[in-house]
Amino acid sequence: MRHRERWHALGFISPALAGLTVFTALPVALAVVMSLFDWPIFGDREFIGLGNYRALLTDTPDFWPALRNSVLFTVLYVPTNLAVALGLALLLGPRLHGRAVFRVLFFIPVVTPMVANALVWKLVLQPQGLLNGLSTAWLGITLPNFLVDRNWAMIAIVVMSVWAGMGYNMLVLTAALEQLPTSVLEAARMDGAQGWRLLIRVTLPLISPAIFFAAVMTIIGSLQVFAQPQLLTGGGPGTSTIPLVMFIYDTGFTFQDLGLAAAAAWLLFVLIIGITVLQFRAQRRWVHYEH
Amino acid sequence: MRKWGSALTALALILGTAACSSDDGADGKTTIVWNMWSGDTESEQKLKEQMAAAQAIVGPDITIELQTAPWADFFTKLNANMASGKLACVTAMNGQRLTDYTAAFEPLTDADLTTMGIARGDYNPGALSVMENDGKLYGLPYDTATMFLFYNADLFTKAGLEAPTNTWTIQDFETAATTITAKTGVKGFAVSLDEFQWLSLPMARAGRQPVDDSGRLALTDPAFVDAATWYGDLVTGAKVSEAVPSASETGWEVTQFQNGRAAMIIDGTWQAATYTAEDLPFAGGAVRLPSGAAGPFGVALGSGYGIAKNCEDKDAALKVLGALTGKQGEDLIAKQGNYPAQLASQDGYFASLPDGKREMLTAAFQAGFDGATAQRVTAEWTQVATAMPNELVSVYTGQGTMPDALGNLQQKFGK
Chain A
0 MRHRERWHAL GFISPALAGL TVFTALPVAL AVVMSLFDWP IFGDREFIGL
50 GNYRALLTDT PDFWPALRNS VLFTVLYVPT NLAVALGLAL LLGPRLHGRA
100 VFRVLFFIPV VTPMVANALV WKLVLQPQGL LNGLSTAWLG ITLPNFLVDR
150 NWAMIAIVVM SVWAGMGYNM LVLTAALEQL PTSVLEAARM DGAQGWRLLI
200 RVTLPLISPA IFFAAVMTII GSLQVFAQPQ LLTGGGPGTS TIPLVMFIYD
250 TGFTFQDLGL AAAAAWLLFV LIIGITVLQF RAQRRWVHYE H
Chain B
0 MRKWGSALTA LALILGTAAC SSDDGADGKT TIVWNMWSGD TESEQKLKEQ
50 MAAAQAIVGP DITIELQTAP WADFFTKLNA NMASGKLACV TAMNGQRLTD
100 YTAAFEPLTD ADLTTMGIAR GDYNPGALSV MENDGKLYGL PYDTATMFLF
150 YNADLFTKAG LEAPTNTWTI QDFETAATTI TAKTGVKGFA VSLDEFQWLS
200 LPMARAGRQP VDDSGRLALT DPAFVDAATW YGDLVTGAKV SEAVPSASET
250 GWEVTQFQNG RAAMIIDGTW QAATYTAEDL PFAGGAVRLP SGAAGPFGVA
300 LGSGYGIAKN CEDKDAALKV LGALTGKQGE DLIAKQGNYP AQLASQDGYF
350 ASLPDGKREM LTAAFQAGFD GATAQRVTAE WTQVATAMPN ELVSVYTGQG
400 TMPDALGNLQ QKFGK
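Listed in order, the protein sequences are those of chains A and B. For the first sequence, numbering that gives the first Met the number 0 gives the first residue as 0, with consecutive numbering after it. For the second sequence, numbering that gives the first Met the number 0 gives the first residue as 0, with consecutive numbering after it.
Worth double-checking, as some hints may not be accurate.
Stated by the list, open to error - Distance condition first, Cα-Cα at most 20 Å in a straight line; then the derived EDC-like pairs of lysine to aspartate or glutamate: (1) B:K47 - B:E358; (2) B:K414 - A:D58; (3) B:K238 - A:D148; (4) B:K135 - B:E105; (5) B:K308 - A:D43; (6) B:K326 - B:D133; (7) B:K85 - A:D43; (8) B:K313 - B:D111; (9) B:K414 - B:D212; (10) B:K28 - B:E64; (11) B:K28 - B:D220; (12) B:K157 - B:D171; (13) B:K411 - A:D58; (14) B:K182 - B:D212; (15) B:K76 - B:D60.
Hint data in this document are derived by calculation from the structure and do not stem from the laboratory. Small disclaimer: the values here were computed from a predicted structure and weren't measured.
If we strip away everything but chain B, and leave its shape as in the complex, we get (with noise of 0.2 Å):
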């Protein structure tokens, strides 16, 4: 009997310990968990940075603790979170992903913005509708982005070409890869998979987005399909581009870009200090998107912080996130090369530039936001993408065409 009642001794202390493990906040602080994907050390360093500048800002009574995952898990985490509901108080959100979101983030109010001291009008035009769904708002931006042509401009020069300018056009961009697969040997673009790394071209080409004006899927548009047809091409028939070697393989045409295979690739301005650093083996520089017959085209993204419908303490967390996306985290955001969404820290990206590269890199940031619309996606977006890289791999082999692989998609999510 004594054993029992020992067991049922050691048990109850084990009960007892665990609810007091719980964070009751009655000294009146509290933790706020930021959640964000980062790929490597040198992203998550910069996290780091931005969360201690936050932490300044908010003071001591709010703890702000920093979760990271990569980019490819962290929506799936962020799922596994929901379904738990411990969604973290500020959570990253991406523009196009955000329709399968909306439910777990409270939208913010007029009110709120003007607690964080933000209004409006401090945002780069459009940068704002990346968090918005059906007119309401639910994040702040910290970047506003759209799509890059990166060039190794060795290569361009080994083949007797002129660097790309922001006034390319379509037709400058395929001569310019066909010219440089046949004098140097090497590939002069790599193709995609990836979402808008692969449909920025076409989407230029065009002058389309693959969802029209009232949302619905169409990737099956006529002039959609041929521009899109024009891209798969580039691997098939003008062969200026290798086909990408699996579907699991996103971010292919990144490795074959960084390492002197291929001579040009469509990517997020979020990559401009990167693919133009100085530690690269070559001298990589960045344009706008080559033009299509109807000018310039391109779609405004971006991702921000929402605060989550599960968070206890929402007024914390809207310090929080006044704090990393207000003035000062968006100047911090500049100085470590990233492009802030708000207008008056955008000065600061320019600034942090190297002398060598400011004047390409400002160029092509003025030129590439001209033309840029609100990105659209539908509600099944995330489906859609997720689909893509699978259809487009036969594509890149010949085994498919483009139509097929457009229509698969169309019948499958755009009902």
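The shape of chain A in the complex, shown without the other chains (with noise of 0.2 Å):
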């Protein structure tokens, strides 16, 4: 009877089992065999160990600053998004009237194809763009070329990005916020605790799960972070903007270079398993799950 129930279940996930198979397993493995080998786009490939994972550390002049990018604008995009999100929140909270209507308001961006949203925010940003021209206009101050400027590209890409992302996280927490226990908020409030206090000690710590979940999930996303920078700033200027993800795209799509694509992918992958385990693992220290 056993057995023959084992077999039923096989067969009921083998759907799900070969799509798993052919369209992850089988990719994620042949990326480990690609990035093992010099795999020009056509012609000869040729097993060469390790030399992608070293050109890409010691010989390859792109690789260090589109990793540095996709950490910068993860370690600027992952708090910013949750302090507005959380912020929002508690803003749309259960005394606000009309407060489905804010939260489709700030659900839209999310919804909204990331083309659409670059392309507003080109409009805004640049200097013929609506954000200067009533800059000049009412202040008579002429703002940076945000989308060219050193010190502001990533900062415009992070601002949009956040605008862009806000609102997923934001319906996240407001779940969070909205299944709170009524008894230990009245417990709370009856031993006078209030406003900031009443936040910081009882409500934050009772959603620490969904803020967990969120983070996670954000940082996951952002170190992926590919269409905002290659739509409002291409990489530039220089070299400033350009994320692992749009190295890797350009290196095995523009330059023809599958094995060293390859190999900067397993690195990213790496890298995101390692701060998500660390996650996991910080996640004792502040995350209380209620049982």
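Make the complex out of the two chains shown on their own, each in a separate frame, by following the hints.
Below you can see the structure in the form of structure tokens.
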């Protein structure tokens, strides 16, 4: 009986398993193999062991800037995104009338295609754009050329990304806030906790699992950032906004070196896994699950 | 058990159908895919006309199937197709990009040319070189091109200036750009991030290409650096051009020009009909590139079609290639407003121009190829061209210098 059930179970999961094998496991395995070869898009492939990894770390001028940019983006983006999303979630609390409308409004950029978002932001940020136009007309101040200024280009990308991505985390945190146990909150209030103290000592620890989830997912997403810099700044000026994924894309599909691109993709994978593992280890200190 | 049986039967059926759906060409008919870039519905329509004309030539046994992608994505798609060994039998290739793709194309022999009824002497001098690499011919050009200076005649009149001529010097250009900027409030010029759109003026001024005779990258050649620095100064010093707002804005100068926000731009001869068209809000004109101290200088550019190495039916592909780039194909291309690579079809191009523009454009084309040398590229040219915009934007904003920008590129790609 048990034996038969096992076969049935295998039968039921086989479509998903087949999909996972063909579309995930095989490409991942192929990428490992690829990273060990000099693998041009066309022509002979040659096994070079860890040669691609060595070349990346020592002999590819754009790799380190790209890695630095991805990390810098993550460091700037994740805290800002979480802070803004949490702020919005708290503001759109149960006492606010019409909060459903606001939630939809803030969520719209998440579902709009990134290309459209980027185009609009480009029109806002360029020198002949809205922002500089308003600033020169009203204040007489000429703003920097955000998308080509070394100091501003990354900030512009982060600001645009926060605008485009905050809605998702807002929704996650709102859901958590709505399910706070009223008894605990009431008890805290009766004990005299109010305002800031209530937020820091009671509310945030209660929603810490949601914050943890949002943080993990946002960090993974932001280390893979591509569309925003590709569309807004093209990676410029210089190499100041080329993220690792754009480096991988260019190396593989513009410069035709699939082996080097696969090796860089693996380094990115290791980085993401490493950071995620660290987060899971660290969660014991600050994430409180109610059982 | 019965259930397993029927499941297996279903699986077998699916696999069976999949196997049958692949094209076996058993009936003697074959499909040749033709892959080409296309930016808008108008150019797509022109390609469809060319496809129909070629179809009529090759007959019913071969079906030509056109696939297009925008220029900006064309080569990325090509790379993806190459990686999976699915390059279209007849694939478009641009002269500057050919070095990256020679492995994917079947070299054409003189016997192939004879089969197609095409002779080397049919071509504009230098036109075939665009599709050549290391002495091998990898395709046939359908057009031949060089860079032009395009201008907004209305702004010249408004500034009280004579229109540019084919004997203009760099000095004339700079004076006009400065005068227009001062007198009309519209910028006299729009700089570019695109490879030949920006390289052409520095090349003309220096009288040399940024790749030397031996095929080495020479971006830091003192004369070229000097000329390029002058070009960057058009934005930061002379202020006759706005700065490009982002490194992702290749083609920015085109919108500036077409919207009347810049009086002059440099672009390819393939845009001659577009930038002088009646439907523009101003009278557009074209002349050859202004000359530097060493006299007229320019590069011959162009694109063509080659046959993919992985193509299964090369004879059929050769027929399609012959139909697309042969005399009839070239005549049609000329009629559609593109300057053909074959000499015998070039008169057709001039005949197709509107009466008011014919004289001006004929003169520009005749002068434009005077002093034009074959463009030289290095093996890493695609990478150089990809990295250029990111370096140039800093120069235009004044945050970096042209010698530094060229030095960075030379250091990265000049090994």
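Hints and how they fare:
For the proposed pair B:K47 and B:E358, the alpha carbon gap of about 29 Å is over 20 Å, so the pair is violated. The hinted pair formed by B:K414 and A:D58 meets the criterion: a straight-line CA distance of about 12 Å does not exceed 20 Å. Proximity of B:K238 to A:D148 is assessed by CA-CA distance (about 18 Å); at most 20 Å being required, the pair is judged to hold. Distance hint between B:K135 and B:E105 is fulfilled; the C-alpha atoms sit about 10 Å from each other, no more than 20 Å.
For the suggested pair B:K308 and A:D43, the alpha carbons sit about 14 Å apart, so the restraint of at most 20 Å is met. Distance check on the hinted pair: B:K326 and B:D133 sit about 27 Å apart at the alpha-carbon level, beyond 20 Å; violated. For the given pair, B:K85 sits about 16 Å from A:D43 by alpha-carbon distance, which is consistent with the 20 Å threshold. Of the supplied pair hints, the one linking B:K313 and B:D111 holds, its CA atoms being roughly 10 Å apart against a limit of 20 Å.
Proposed proximity of B:K414 and B:D212 is supported: the alpha carbons are some 16 Å apart, at most 20 Å. Note on B:K28 and B:E64: the hinted pairing holds, with a Cα-Cα distance of about 13 Å set against a maximum of 20 Å. The suggested pairing of B:K28 with B:D220 is violated, with an alpha-carbon distance near 55 Å, which exceeds 20 Å. Annotation: proposed proximity of B:K157 to B:D171 holds, straight-line Cα distance about 17 Å (limit 20 Å).
Only pairs whose Cα atoms come within 20 Å are accepted, and B:K411 paired with A:D58 is accepted, the gap being roughly 10 Å. Note on B:K182 and B:D212: the hinted pairing is violated, with a Cα-Cα distance of about 43 Å set against a maximum of 20 Å. Proposed proximity of B:K76 and B:D60 is contradicted: the alpha carbons are some 28 Å apart, above 20 Å.
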